[in-house]
Amino acid sequence: MESKQTGITRKDFIKMSVAAGAGIALGASGLGAILGATGNTLSASKTTASAESGDDVIPLYGEHQPGIITPQQTYLYLASFRVSTDSKSDLVSMLKDWTKFCDLSVSGGTMMTGDNPLVPPTDTGESLDLPASKLTVTFGFGPSFFRDGGKDRFGIARLAPQHLKDIPRMARDNLDPSISGGDIVLQVCANDQQVAFHAVRNLIRLSVGTASLNWMQEGFASGTPGKTPRNLFGFKDGTANSLHDSADGYDRIVWAGDGEPDWMKGGSYLAYRKIQMKIETWDRTSLSDQEATFGRFKVSGAAFGAKGEFDAVDASKLPADSHVALAKQTKQQIHRRAYSYTDKVDPRTGNVDAGLLFISYQRNPDEQFIPMLRLMQSKDALNEYVSHVASGMFACPGGLREGRYIGQNILEA
Amino acid sequence: MLKSSLSVLSLAGLLALTACGSNSNDPANAGSASPSASSSQGASASASASTASASASGPSSAIQEGAASMLDAVKQLQDAIGKQDAANVKTLGKSINDTWLSFENAVRQSFPLEYTDVEKYEMPIFSASAYDKIDFDELKANADGLTDALTKLQNAKPTTESSSELLNQAVVKYQDYIADQTSKLVTQTQAFVDAVKAGNADQAKTEYAKARVYYENIEPVAESFGDLDPKIDARLADVDDPNTWTGFHRIEKALWQDNSLEGQDQYADRLMTDVKDLQAQMKTVKLEPKAMVAGAMELLNEAATSKITGEEELYSHLDLVDLAANVDGSKTVYLAIIPALNENNTDLADKLDQAFMKMEQSLSSYVKNGQYVAYNELTTDQIRQISDQLSELSNLMSQTAAIL
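The listed protein sequences derive, respectively, from chains A and B.
At position 332 of the first sequence (counting the first as 1) the number is 332 in the working numbering, and the numbers step up by one without a gap.
At position 92 of the second sequence (counting the first as 1) the number is 92 in the working numbering, and the numbers step up by one without a gap.
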């Protein structure tokens with residue numbers, strides 16, 4: 001294991017990866033010279049204009065992880081893993097591989113090396129010639145990462161953050177454990193679905209033998225830049241994010257700090273609910289009933305009694321059980337980052353399984369999120385049209401410094 | 001993970017165990033599974049001599065001591081086998097394994113050929129220690145084989161061959177294995193076919209499971225003979241016209257689903273002809289290292305696709321039997337290429353060793369009364385665990401072609 005001071009460098013990683021049989025080459029990210037040192041032929045580099053222009057790249061490093069307050073990209077993959085090894089060094093080695101892969105991919109790089117034709121290609125290849133597409137990978141750790149069934153597998157139980165626990169049972173829960181929770185979650189987002197899938201696929205590949213994929217969920221969110229995206233009910237989702245859209249606001253709402261372990265400072269809690277929407281029933285509901293259910297006008301997004309989407313909400317003008325009224329009643333704010341999903345047809349009814357992958361980030365879910373959820377699941381007029389089918393709470397560490405790997409502050413604390 | 005923490009029950013051992021019945025019934029099998037008994041006495045005698053005369057160029061003192069200590073224990077084991085003392089046999093099997101684990105890494109790196117031999121006889125002995133039923137004849141054959149292998153190890157000389165020579169030796173070794181497995185397949189298929197034609201369904205079911213092992217061990221090589229594999233091993237879903245369907249699975253359906261052997265004679269005869277044809281063709285095949293290594297990968301891919309999903313043995317649900325045989329066939333290639341791997345990538349050999357151990361340990365936990373549990377008795381979580389281990393193993397195995 002490397003010491004805290006040195007961390008990993010790109011060069012080290014290449015050596016390490018070649019030894020492990022997963023050679024890594026850098027594409028257009030500018031460190032091609034290193035490849036000369038490894039004796040590999042650089043066989044592929046990104047040549048598309050957007051990859052080089054840089055405005056398509058969301059940096060991996062910084063004070064906070066990307067993908068949290070990053071404006072929403074169009075596509076999402078949410079993947080949950082169970083750590084299957086008991087070996088801390090194997091876990092560290094996977095997290096290093098993941099970090100290195102993210103370093104390469106977010107800048108439009110590839111793991112492809114001068115491949116030996118007798119062994120499988122190092123990179124799966126479907127993102128070659130595609131731009132970086134604002135790819136972000138956000139890492140979160142679930143309660144079982146720190147303590148699995150009462151067992152402190154990696155000697156890190158003492159480092160569990162103060163608000164990390166599974167979301168407690170709520171009224172009307174209809175949760176499927178096989179698509180809920182997990183030791184590690186990866187939120188992979190990009191403006192190109194193939195780029196996003198390439199990332200999640202190769203992250204899964206790099207996890208083989210160390211972690212096991214629990215579940216994966218894909219989602220989409222389409223919106224004109226600068227406008228709030230709409231969910232599958234046709235309503236704007238995330239209007240209230242504008243209330244804290246400032247450095248101060250994010251400190252207040254999103255970034256964890258006080259009383260948290262060091263690694264969690266600048267991090268955030270990811271709350272996840274997969275919410276099935278009964279869209280067929282909804283589509284047979286009158287416009288006025290739909291609007292009364294939310295407490296907002298469908299087209300403009302303005303709350304009842306207001307003119308514009310972002311105008312202040314006067315709760316007294318809203319139906320008491322409407323979605324927005326209940327959200328405001330808690331006097332809490334969260335940072336919403338939801339995606340929609342569509343899946344199979346229920347053969348019994350012909351109804352489409354579709355809905356919302358509710359994702360919110362907050363610095364203290366006990367205060368900001370759980371009470372809001374409890375109130376909504378017990379009273380929300382929307383309950384008639386939705387069913388919560390999956391759940392998860394994950395602690396996303398603070399931002400990553402170049403040369404360090406994700407989770408290092410936990411595993412080497 | 002520490003090797004010693006894995007109380008491994010080897011797959012080879014399980015296979016030996018499942019094959020026990022056939023071996024005792026069938027002299028030809030017993031003969032090919034073990035070295036001749038007469039060699040073992042001489043081997044024991046020379047063992048003590050060579051311990052004293054270990055030279056500097058030979059095995060290190062740690063290896064010498066380990067081998068001597070194992071030989072000692074094997075002698076006691078042979079006594080215990082002679083007395084049919086099951087309790088003692090189990091204790092010794094376990095302690096022999098503990099000793100082997102303490103120095104096997106050094107052996108694998110310095111004397112890969114000898115390593116493979118020791119491993120071949122040691123693992124079944126250890127496995128036997130974990131089961132309620134002990135086949136003393138089988139165990140005796142393995143104990144004798146282990147004595148020979150350990151004696152060879154004590155006298156081993158470091159290899160000086162080049163990688164390509166090592167690889168060619170690996171192919172020769174693997175060809176021997178293929179020939180041996182094919183011959184067992186013929187014998188065992190005959191037992192199966194006889195039971196089918198005698199209308200003895202229970203017997204046929206038992207013989208079926210045993211025959212499948214030999215086929216699944218060598219499947220990729222069998223597949224290289226065009227239409228023979230489909231004739232022998234096609235599933236109903238594989239064939240264009242169900243009326244032309246023949247082979248093992250045709251009779252599997254009759255036995256487990258239709259519960260009637262009526263009209264199966266023709267398929268039984270046909271299967272026997274095809275399997276004999278396979279053996280004849282196998283004798284003409286000259287394997288290349290590339291094909292051998294690719295075959296090992298194919299075996300794992302087979303296991304990870306049709307076996308792990310329960311599609312292969314749709315009626316008998318013996319998928320774990322096939323899966324274990326696929327893994328075992330793949331491991332045979334791994335063992336054969338260790339010398340070449342050592343030249344190129346010892347790290348990969350270490351990892352593969354661990355992965356095979358984990359896989360075998362996992363599979364062994366599904367043996368009840370000397371047989372693998374039926375696929376349809378496994379929970380989704382159990383299947384997933386096996387699948388994850390297969391993925392890990394396959395990932396590593398897919399890198400071995402780099403030695404070519």
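Keep in mind the hints are simulated off the structure, nothing from the lab.
Beta carbons: idealized from backbone N, C-alpha and C, even for Gly.
Take these hints with a grain of salt, some might be off.
[Claimed, not checked] Label-pair distances were calculated between CB atoms; the ranges are: (1) B/L287 to A/D173: 57 to 67 Å; (2) A/Q194 to B/T309: 42 to 52 Å; (3) A/N116 to B/Q361: 53 to 63 Å; (4) A/L118 to B/K368: 21 to 31 Å; (5) B/Q266 to A/F220: 29 to 39 Å; (6) A/K88 to B/S260: 56 to 66 Å; (7) A/V345 to B/S260: 51 to 61 Å; (8) A/D173 to B/E377: 23 to 33 Å; (9) B/S162 to A/E402: 35 to 45 Å.
Results of checking the hints against the structure:
1. Between B/L287 and A/D173 the Cβ separation comes to about 59 Å, which falls inside the hinted range of 57 to 67 Å.
2. Under the hint 42 to 52 Å, the C-beta atoms of A/Q194 and B/T309, about 27 Å apart, miss the expected range.
3. Roughly 31 Å separates the CB atoms of A/N116 and B/Q361, a value that falls outside the hinted 53 to 63 Å.
4. A hinted range of 21 to 31 Å is violated for the C-beta pair A/L118 and B/K368, which are about 40 Å apart.
5. In this structure the hint that B/Q266 and A/F220 lie 29 to 39 Å apart at CB is violated, the actual value being about 57 Å.
6. The beta-carbon spacing between A/K88 and B/S260, approximately 57 Å, falls within the hinted interval of 56 to 66 Å.
7. At about 40 Å, the beta-carbon gap between A/V345 and B/S260 misses the expected band of 51 to 61 Å.
8. Take A/D173 and B/E377: their Cβ atoms lie about 32 Å apart, and the range 23 to 33 Å holds.
9. The hint said 35 to 45 Å for the Cβ distance between B/S162 and A/E402, and at roughly 44 Å that hint holds.
Figure legend: structure checked against the earlier numbered hints; hints not met, in rising order: 2, 3, 4, 5 and 7.
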